[in-house]
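Engineer: If you read the sequences in order, they're chains A and B.
Whatever position you read off the first sequence (first residue = 1), add 54 for our numbering.
Whatever position you read off the second sequence (first residue = 1), add 54 for our numbering.
Because the hints were derived from the structure by calculation, they are not lab data.
Keep in mind that a hint or two might mislead.
Any copy will do: because identical chains look the same in the list, a pair fits if it lies in one copy or spans two.
Said to hold, decoys possible - Taking lysine to any residue pairs in the SDA-like style, the calculated list, with each CA pair at most 25 Å apart, reads:
no.	residue 1	residue 2
1	K127	N230
2	K151	Y126
3	K251	F346
4	K67	P124
5	K218	D370
6	K361	E343
7	K415	E247
8	K67	E207
9	K328	K415
10	K251	T82
11	K73	H376
12	K106	H116
13	K261	P124
14	K251	G329
15	K127	P110
For reference, the chains in residue letters:
There are 2 protein chains.
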Amino acid sequence: MTYSYLSHLYCPKCQETYKASEPQHLCTCGSPLLVSYDLDKLKEVWSPEHLKERTPDLWRYHELLPLQDPTYKTSLGEGMSPLIPLPTLQTDMNIRKLHMKDEGIIPTGSFKARGAAVGVSKAKELGVKELAMPTNGNAGAAWSLYASRASMESTIVMPVDAPKITRNECALSGANLFLVDGLISDAGKIVAEAVEKSGLYDVSTLKEPYRIEGKKTMGLEIAEQLGWNVPDVILYPTGGGVGLIGIHKALKELQELGWISKDRMPRLVAVQSKGCAPIVEAWQQGQRESSFWKNSETIAFGINVPKAIGDFLVLDALYDTHGCAVAVSDYELLEEQKGIAQKEGAFVCPEGAAAFAAARKLRAENWITAEDEVVVLNTGAGIKYPDTVHIEIPVLQPGDSLQTKKTIR
Amino acid sequence: MTYSYLSHLYCPKCQETYKASEPQHLCTCGSPLLVSYDLDKLKEVWSPEHLKERTPDLWRYHELLPLQDPTYKTSLGEGMSPLIPLPTLQTDMNIRKLHMKDEGIIPTGSFKARGAAVGVSKAKELGVKELAMPTNGNAGAAWSLYASRASMESTIVMPVDAPKITRNECALSGANLFLVDGLISDAGKIVAEAVEKSGLYDVSTLKEPYRIEGKKTMGLEIAEQLGWNVPDVILYPTGGGVGLIGIHKALKELQELGWISKDRMPRLVAVQSKGCAPIVEAWQQGQRESSFWKNSETIAFGINVPKAIGDFLVLDALYDTHGCAVAVSDYELLEEQKGIAQKEGAFVCPEGAAAFAAARKLRAENWITAEDEVVVLNTGAGIKYPDTVHIEIPVLQPGDSLQTKKTIR
Numbered sequence: 055m056t057y058s059y060l061s062h063l064y065c066p067k068c069q070e071t072y073k074a075s076e077p078q079h080l081c082t083c084g085s086p087l088l089v090s091y092d093l094d095k096l097k098e099v100w101s102p103e104h105l106k107e108r109t110p111d112l113w114r115y116h117e118l119l120p121l122q123d124p125t126y127k128t129s130l131g132e133g134m135s136p137l138i139p140l141p142t143l144q145t146d147m148n149i150r151k152l153h154m155k156d157e158g159i160i161p162t163g164s165f166k167a168r169g170a171a172v173g174v175s176k177a178k179e180l181g182v183k184e185l186a187m188p189t190n191g192n193a194g195a196a197w198s199l200y201a202s203r204a205s206m207e208s209t210i211v212m213p214v215d216a217p218k219i220t221r222n223e224c225a226l227s228g229a230n231l232f233l234v235d236g237l238i239s240d241a242g243k244i245v246a247e248a249v250e251k252s253g254l255y256d257v258s259t260l261k262e263p264y265r266i267e268g269k270k271t272m273g274l275e276i277a278e279q280l281g282w283n284v285p286d287v288i289l290y291p292t293g294g295g296v297g298l299i300g301i302h303k304a305l306k307e308l309q310e311l312g313w314i315s316k317d318r319m320p321r322l323v324a325v326q327s328k329g330c331a332p333i334v335e336a337w338q339q340g341q342r343e344s345s346f347w348k349n350s351e352t353i354a355f356g357i358n359v360p361k362a363i364g365d366f367l368v369l370d371a372l373y374d375t376h377g378c379a380v381a382v383s384d385y386e387l388l389e390e391q392k393g394i395a396q397k398e399g400a401f402v403c404p405e406g407a408a409a410f411a412a413a414r415k416l417r418a419e420n421w422i423t424a425e426d427e428v429v430v431l432n433t434g435a436g437i438k439y440p441d442t443v444h445i446e447i448p449v450l451q452p453g454d455s456l457q458t459k460k461t462i463r
Numbered sequence: 055m056t057y058s059y060l061s062h063l064y065c066p067k068c069q070e071t072y073k074a075s076e077p078q079h080l081c082t083c084g085s086p087l088l089v090s091y092d093l094d095k096l097k098e099v100w101s102p103e104h105l106k107e108r109t110p111d112l113w114r115y116h117e118l119l120p121l122q123d124p125t126y127k128t129s130l131g132e133g134m135s136p137l138i139p140l141p142t143l144q145t146d147m148n149i150r151k152l153h154m155k156d157e158g159i160i161p162t163g164s165f166k167a168r169g170a171a172v173g174v175s176k177a178k179e180l181g182v183k184e185l186a187m188p189t190n191g192n193a194g195a196a197w198s199l200y201a202s203r204a205s206m207e208s209t210i211v212m213p214v215d216a217p218k219i220t221r222n223e224c225a226l227s228g229a230n231l232f233l234v235d236g237l238i239s240d241a242g243k244i245v246a247e248a249v250e251k252s253g254l255y256d257v258s259t260l261k262e263p264y265r266i267e268g269k270k271t272m273g274l275e276i277a278e279q280l281g282w283n284v285p286d287v288i289l290y291p292t293g294g295g296v297g298l299i300g301i302h303k304a305l306k307e308l309q310e311l312g313w314i315s316k317d318r319m320p321r322l323v324a325v326q327s328k329g330c331a332p333i334v335e336a337w338q339q340g341q342r343e344s345s346f347w348k349n350s351e352t353i354a355f356g357i358n359v360p361k362a363i364g365d366f367l368v369l370d371a372l373y374d375t376h377g378c379a380v381a382v383s384d385y386e387l388l389e390e391q392k393g394i395a396q397k398e399g400a401f402v403c404p405e406g407a408a409a410f411a412a413a414r415k416l417r418a419e420n421w422i423t424a425e426d427e428v429v430v431l432n433t434g435a436g437i438k439y440p441d442t443v444h445i446e447i448p449v450l451q452p453g454d455s456l457q458t459k460k461t462i463r
């Protein structure tokens with residue numbers, strides 16, 4: 055058996071193929087590229103039995119990942135995040151089974167670690183010395199830290215408004231970090247220019263084909279954690295949508311391998327904010343691509359993406375699985391965030407909270423039925439967003455007693 | 055086989071025994087109580103083979119944990135945090151093998167989750183309805199969130215200076231949260247009074263016997279992750295010292311069970327800050343207990359404990375394993391924190407950074423030799439402490455290019 059069954063790259067839009075043995079970015083037609091594996095060959099030699107002795111991280115699926123030489127594996131122990139049952143919330147929402155895939159329990163505190171681990175490892179294998187990207191925060195944090203782990207240079211540009219904690223992470227990693235007094239699109243232009251002038255390796259969302267393979271492992275893990283079954287519905291907070299595309303790809307590959315049934319695919323749900331809902335708008339109109347969302351605004355920074363480069367792949371996944379797209383307000387997601395902490399003890403990020411709010415909404419509309427088994431992706435730790443919590447707390451003086459204070463209240 | 059081989063509680067100071075079937079706090083002699091298991095019986099029926107099919111969390115060791123009825127298990131997927139090799143840092147320090155046990159990758163972002171998961175589960179089993187504790191931050195965050203998960207009330211008192219993120223966690227959990235304009239000792243007095251007046255269940259450090267059993271699982275995991283071997287040295291940032299006591303207890307129990315060799319115990323190292331080093335002082339003087347450290351001050355909030363209730367157990371563990379205690383300065387730990395991020399891509403907490411700085415110091419003194427295998431505990435995620443990072447970052451305007459800016463710098 056070989057370490058990876060990587061075969062080649064292909065364009066999902068024009069079907070052109072590319073060699074995976076050298077660095078590749080977008081297709082000449084402008085589309086992101088996807089990774090293809092020799093599933094027929096892999097099917098003959100690989101079974102779930104092989105996973106039993108492997109460590110609980112995403113590299114347990116190395117046959118289905120693009121890295122060919124494990125020497126270049128760049129890992130901080132990412133993956134196999136818990137799939138947590140939420141009994142109180144499921145009763146509250148009247149859903150048969152509700153689980154949270156908790157991506158807060160991962161290096162760098164967000165699901166971006168998966169894409170970075172696989173993307174940096176593959177870049178290292180391809181001989182890349184310096185990578186560059188614009189970021190709204192979490193992706194830059196993950197890629198710059200994994201780059202350091204791989205002894206690779208990184209250049210990161212982020213808006214001044216991006217969460218301070220993610221800025222700390224990039225700065226501490228030793229990245230060439232720049233803030234821009236503007237939006238992520240301004241950061242993107244600055245990076246694009248630097249890439250062109252200096253030959254840096256561009257790891258902007260979907261501009262290299264391997265990040266999606268890292269994100270894909272969320273789908274592989276959900277299936278394994280459910281005993282090689284799939285739920286009825288998976289909800290995913292959607293900015294760039296890489297994770298949703300990845301989960302869809304993962305489940306298709308598992309079907310090809312015969313590890314899960316070909317008869318059943320979960321309905322995938324793209325969750326967005328009402329302040330930035332281009333995928334929702336496109337899905338409602340039955341479009342194959344989204345339009346740029348003007349003046350986008352939401353407290354859920356990670357899903358503030360006005361026009362995703364992979365939007366057509368997200369929409370494909372929704373149509374293919376009879377899924378849907380739904381938007382929630384900042385108020386709804388903040389209420390849900392509070393409710394989840396109080397009912398289940400989990401402090402989810404605003405993006406994850408949006409996905410729970412969407413589940414509640416879809417249940418109310420009976421799009422999710424009382425009989426469904428539902429998995430919600432929480433894409434990061436709530437602790438990364440200290441500014442979303444506003445609760446008044448009484449201050450005591452030394453020697454005060456709680457009794458007194460309670461009466462005063 | 056039964057779920058737990060819990061036998062009874064005992065006092066490590068005066069040897070008095072107590073029933074585990076009802077709530078217990080300190081011994082009448084004032085010492086914390088420890089949990090005893092029926093290891094002779096367990097030895098006959100349990101082997102590492104049993105663990106292979108179990109999920110990667112701390113409940114895989116349920117036979118060695120105090121919860122007797124799994125119905126009361128209160129879990130958010132905690133445990134089996136990665137043991138990460140640090141090849142660059144180990145070369146830098148000239149140590150044969152250096153690993154980090156990364157407790158940042160756990161619910162609530164700190165190792166306190168382990169104690170809370172097991173402590174809250176057992177409290178629930180014992181019929182507790184409302185718990186109370188003073189906290190410097192992370193413990194309160196963990197216990198209040200796990201209490202919510204168990205539908206239990208919690209009363210938490212923390213200094214106004216405790217990290218804001220941990221305050222958020224407590225507040226969001228729905229705890230009865232109070233700030234005190236003073237120190238943790240002031241918080242402790244307020245909680246003690248409330249416990250006495252209102253009969254709340256006191257879960258202050260070591261005032262209930264089960265937190266240590268949760269922390270113990272760090273030791274079980276290290277042994278399992280090294281293939282049922284132990285390293286030569288384990289370094290642990292020591293405030294209350296519960297984790298160090300727990301790791302020592304765990305390894306003793308594994309020796310009794312015959313899962314690891316009786317001939318070898320790692321040298322345990324208690325790491326403190328120069329601004330609060332009571333254990334170090336006591337160890338240097340060969341004392342069995344520490345003295346209160348006046349005017350303690352350190353940026354590593356979690357190890358700012360002037361006098362630990364379990365100090366004698368920490369010192370016992372050091373003497374028993376031929377370990378030592380060592381203090382580092384805030385400057386040293388902040389430099390180490392930066393170095394680890396740049397060399398290995400890991401953003402550790404200040405307390406974890408202190409333990410790495412101590413490893414470097416002990417290696418320089420040749421107390422750690424070039425032939426040793428060393429495990430350092432990083433007790434939490436660096437992202438929980440945004441105020442420890444101060445790095446100047448250049449700000450660009452939209453349309454600027456990196457080239458220009460680099461020249462200006």
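Engineer: If you test the structure against every hint from before, which numbers come out violated?
Structural biologist: Violated hints (numbers, rising): 3, 4, 5, 7, 8, 11, 14; every other hint is consistent with the structure.
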